[in-house]
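S.K.: Read off the chains here:
Protein chains: 2
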Amino acid sequence: MKIVVDAMGGDHAPKSVIEGTIEALEYFYGFEVILVGNLNELKPYIETYRLDKNPRIKLVHAEQFVRMDESSTVSLRQKKNSSITVAASIVGDKKADALVTIGHTGAAMAATTVRMRTLPGVERPAIAVIMPSTEGKFILLDAGANVDCKPQNLAQFAVMGELYSKHVLGVRNPKIGIMSVGDEDIKGNELTKEAFKILTKMPINFIGNVEGNDMFENKADVVVCDGFVGNVVLKSCEGLSKAIQFLLKKAFMKNPIRITSAILGLKAFAELKDISDKETYGGAPLLGINGICIIGHGSSSSKAVCNAIKIAADLVEKDLNGEILKRLKESNIIVEKE
Amino acid sequence: MKIVVDAMGGDHAPKSVIEGTIEALEYFYGFEVILVGNLNELKPYIETYRLDKNPRIKLVHAEQFVRMDESSTVSLRQKKNSSITVAASIVGDKKADALVTIGHTGAAMAATTVRMRTLPGVERPAIAVIMPSTEGKFILLDAGANVDCKPQNLAQFAVMGELYSKHVLGVRNPKIGIMSVGDEDIKGNELTKEAFKILTKMPINFIGNVEGNDMFENKADVVVCDGFVGNVVLKSCEGLSKAIQFLLKKAFMKNPIRITSAILGLKAFAELKDISDKETYGGAPLLGINGICIIGHGSSSSKAVCNAIKIAADLVEKDLNGEILKRLKESNIIVEKE
Numbered sequence: 000m001k002i003v004v005d006a007m008g009g010d011h012a013p014k015s016v017i018e019g020t021i022e023a024l025e026y027f028y029g030f031e032v033i034l035v036g037n038l039n040e041l042k043p044y045i046e047t048y049r050l051d052k053n054p055r056i057k058l059v060h061a062e063q064f065v066r067m068d069e070s071s072t073v074s075l076r077q078k079k080n081s082s083i084t085v086a087a088s089i090v091g092d093k094k095a096d097a098l099v100t101i102g103h104t105g106a107a108m109a110a111t112t113v114r115m116r117t118l119p120g121v122e123r124p125a126i127a128v129i130m131p132s133t134e135g136k137f138i139l140l141d142a143g144a145n146v147d148c149k150p151q152n153l154a155q156f157a158v159m160g161e162l163y164s165k166h167v168l169g170v171r172n173p174k175i176g177i178m179s180v181g182d183e184d185i186k187g188n189e190l191t192k193e194a195f196k197i198l199t200k201m202p203i204n205f206i207g208n209v210e211g212n213d214m215f216e217n218k219a220d221v222v223v224c225d226g227f228v229g230n231v232v233l234k235s236c237e238g239l240s241k242a243i244q245f246l247l248k249k250a251f252m253k254n255p256i257r258i259t260s261a262i263l264g265l266k267a268f269a270e271l272k273d274i275s276d277k278e279t280y281g282g283a284p285l286l287g288i289n290g291i292c293i294i295g296h297g298s299s300s301s302k303a304v305c306n307a308i309k310i311a312a313d314l315v316e317k318d319l320n321g322e323i324l325k326r327l328k329e330s331n332i333i334v335e336k337e
Numbered sequence: 000m001k002i003v004v005d006a007m008g009g010d011h012a013p014k015s016v017i018e019g020t021i022e023a024l025e026y027f028y029g030f031e032v033i034l035v036g037n038l039n040e041l042k043p044y045i046e047t048y049r050l051d052k053n054p055r056i057k058l059v060h061a062e063q064f065v066r067m068d069e070s071s072t073v074s075l076r077q078k079k080n081s082s083i084t085v086a087a088s089i090v091g092d093k094k095a096d097a098l099v100t101i102g103h104t105g106a107a108m109a110a111t112t113v114r115m116r117t118l119p120g121v122e123r124p125a126i127a128v129i130m131p132s133t134e135g136k137f138i139l140l141d142a143g144a145n146v147d148c149k150p151q152n153l154a155q156f157a158v159m160g161e162l163y164s165k166h167v168l169g170v171r172n173p174k175i176g177i178m179s180v181g182d183e184d185i186k187g188n189e190l191t192k193e194a195f196k197i198l199t200k201m202p203i204n205f206i207g208n209v210e211g212n213d214m215f216e217n218k219a220d221v222v223v224c225d226g227f228v229g230n231v232v233l234k235s236c237e238g239l240s241k242a243i244q245f246l247l248k249k250a251f252m253k254n255p256i257r258i259t260s261a262i263l264g265l266k267a268f269a270e271l272k273d274i275s276d277k278e279t280y281g282g283a284p285l286l287g288i289n290g291i292c293i294i295g296h297g298s299s300s301s302k303a304v305c306n307a308i309k310i311a312a313d314l315v316e317k318d319l320n321g322e323i324l325k326r327l328k329e330s331n332i333i334v335e336k337e
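Sequence order for the protein chains is F and Y. Anchor point for the first sequence: position 62 equals 61 in numbering that gives the first Met the number 0, and the numbering is continuous, going up by one each time. Anchor point for the second sequence: position 323 equals 322 in numbering that gives the first Met the number 0, and the numbering is continuous, going up by one each time.
Mixed in with the good hints, there may be bad ones.
Not the full set, but computed from the structure, chain F residues with beta-carbon under 10 Å of chain Y [as the list claims (entries may be wrong)]: (1) Asn53; (2) Val180; (3) Leu190.
What the hints contain is simulated information worked out from the structure, not anything from laboratory work. Backbone N, C-alpha and C define an ideal beta-carbon position, used for all residues, glycine too.
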């Protein structure tokens with residue numbers, strides 16, 4: 000098994016990527032890594048970590064890389080030799096099984112869609128994110144790959160999310176819900192009402208509509224929505240969570256009694272921060288792409304990169320994509336390409 | 000000035016509604032109240048508070064009321080004598096200026112749309128909610144009145160939100176943003192990209208796209224979106240906020256040190272709870288309806304009801320609807336009815 004790792008991009012790259020890759024190779028077996036990046040820039044790391052001497056690492060040069068502040072469309076057209084495009088091409092050419100990047104999400108999506116393409120019968124890929132809830136975790140998808148979706152797309156997302164929930168969170172028979180504005184069948188917009196009809200007929204554990212507040216009470220294990228709604232919800236939740244932390248800090252710094260309270264409660268606050276811990280899952284997979292693809296957060300630490308590589312390897316081994324294709328056929332929601 | 004108050008519906012009605020009405024009449028002048036409800040059920044309150052002896056209160060009988068668990072469409076068809084329908088008809092017949100209810104939101108929307116109708120040139124009404132942010136507050140609309148919107152609707156929401164922000168939050172030149180998935184002009188779905196073009200041409204302080212996380216950092220004073228997105232965001236934020244409170248409580252109850260910390264920090268936690276305080280604003284207005292309409296939360300206390308009545312009176316006095324019509328004309332976004 001070969002996993003391509005994009006060494007560039009991200010806030011702490013290439014350091015965190017290289018250290019995470021080495022950690023992954025130390026702890027886990029059964030795969031090799033193809034590290035893609037500008038080898039001139041990587042030189043100090045190659046020397047320090049003797050990357051060129053490691054039989055499980057292959058180094059591939061890519062002249063350019065996409066900066067986090069660049070536009071994804073421009074990146075694809077003007078930077079044909081960027082690390083993400085070179086990395087996606089290696090998987091697209093079947094010379095590797097999976098791709099891990101912590102760079103620019105838009106660029107990763109563009110590069111994988113063009114160079115790796117979607118699975119046969121899958122029209123649109125979806126970004127799946129793991130969200131915290133009071134009793135555990137749930138999966139939200141699409142979190143931003145496709146802003147305008149058709150009902151069929153949502154049905155395919157349900158199948159992808161089901162299998163991701165099974166393989167990564169270990170949920171046996173995941174409850175699937177559609178994000179909507181009321182729990183009655185008739186509630187929703189045109190898109191969700193049509194998707195509701197399709198999901199009802201599929202051989203999945205469909206529980207109907209899920210409202211924004213239900214999500215955090217574990218009503219569903221998988222919540223499907225279009226990428227516009229998913230991205231807005233994801234970012235709103237991130238924003239609110241940050242705002243609450245900020246306001247808590249402010250409230251607790253007002254006087255000595257409160258400061259004492261905050262110090263005594265430090266561990267409790269830390270525990271809370273953990274629930275939204277992106278590190279454990281190393282990032283979000285782009286599901287529906289022909290080849291496993293994990294997109295880590297730009298701020299990923301080496302631990303997050305290590306976990307992203309491990310999850311990529313797991314999903315290859317479990318043949319997630321083979322299972323997605325099988326389930327799509329069983330559910331009769333293969334989309335013929337135009 | 001006459002304000003119709005729906006005495007029924009809500010979790011603590013009629014008690015909280017009647018007590019809130021009396022408070023409002025005590026503290027504020029310049030208006031009378033028409034209290035609508037089942038007078039048999041209200042009898043004990045009429046006697047205790049001598050409602051029939053109060054020259055500023057008129058009592059109107061409505062046989063039925065819509066329970067919180069009933070469907071809004073059924074309520075409109077089968078309960079023609081419900082308190083909300085009778086109340087909306089009084090304003091629709093120009094016998095009063097404003098309506099306040101803490102009952103069923105869907106029923107209130109249905110009743111006001113049918114009995115009061117929208118303002119001339121306004122196609123769809125919008126629910127405006129006040130949300131907390133790190134530096135103050137902002138307004139999100141539509142929070143759930145219309146799930147499928149046209150770009151023109153969003154443009155009208157911008158004008159309504161602008162004036163509501165001015166009159167209720169006292170913002171001089173409100174910054175208006177469109178909720179979207181990226182801050183570049185080209186980002187968004189079909190709806191928001193079209194709305195973006197219209198808003199750019201309008202005589203408002205349009206700042207472009209706003210992402211979910213920006214909202215809580217006061218990037219905009221008014222954020223417009225369709226009612227599906229708005230409702231999902233609102234409920235997700237409510238759900239997340241509850242989940243965080245739950246998890247904080249759990250984390251702080253684990254051992255005596257943390258419990259001590261929590262006790263010392265009680266006031267800080269209470270302060271934080273206040274920022275999402277629905278009581279101060281008494282509920283959300285349904286903007287664009289021909290007549291002021293405030294829909295309070297089902298769990299409203301008497302304080303919230305009192306504030307809802309005060310805000311309704313303020314908005315009538317400031318002629319919010321007249322100003323909305325004026326601004327819509329200036330902005331050239333009057334929609335001709337079919």
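S.K.: Hints first: check each against the structure and report whether it holds.
M.R.: Hint-by-hint comparison with the structure:
For F/Asn53, the suggested interface contact is broken, since its CB lies about 39 Å from the closest CB of chain Y, more than 10 Å. Evaluation of the F/Val180 hint against chain Y yields a held restraint, the C-beta minimum of about 4 Å falling below 10 Å. For F/Leu190, the shortest C-beta to C-beta distance to chain Y is roughly 9 Å, which falls under 10 Å, so the interface hint holds.
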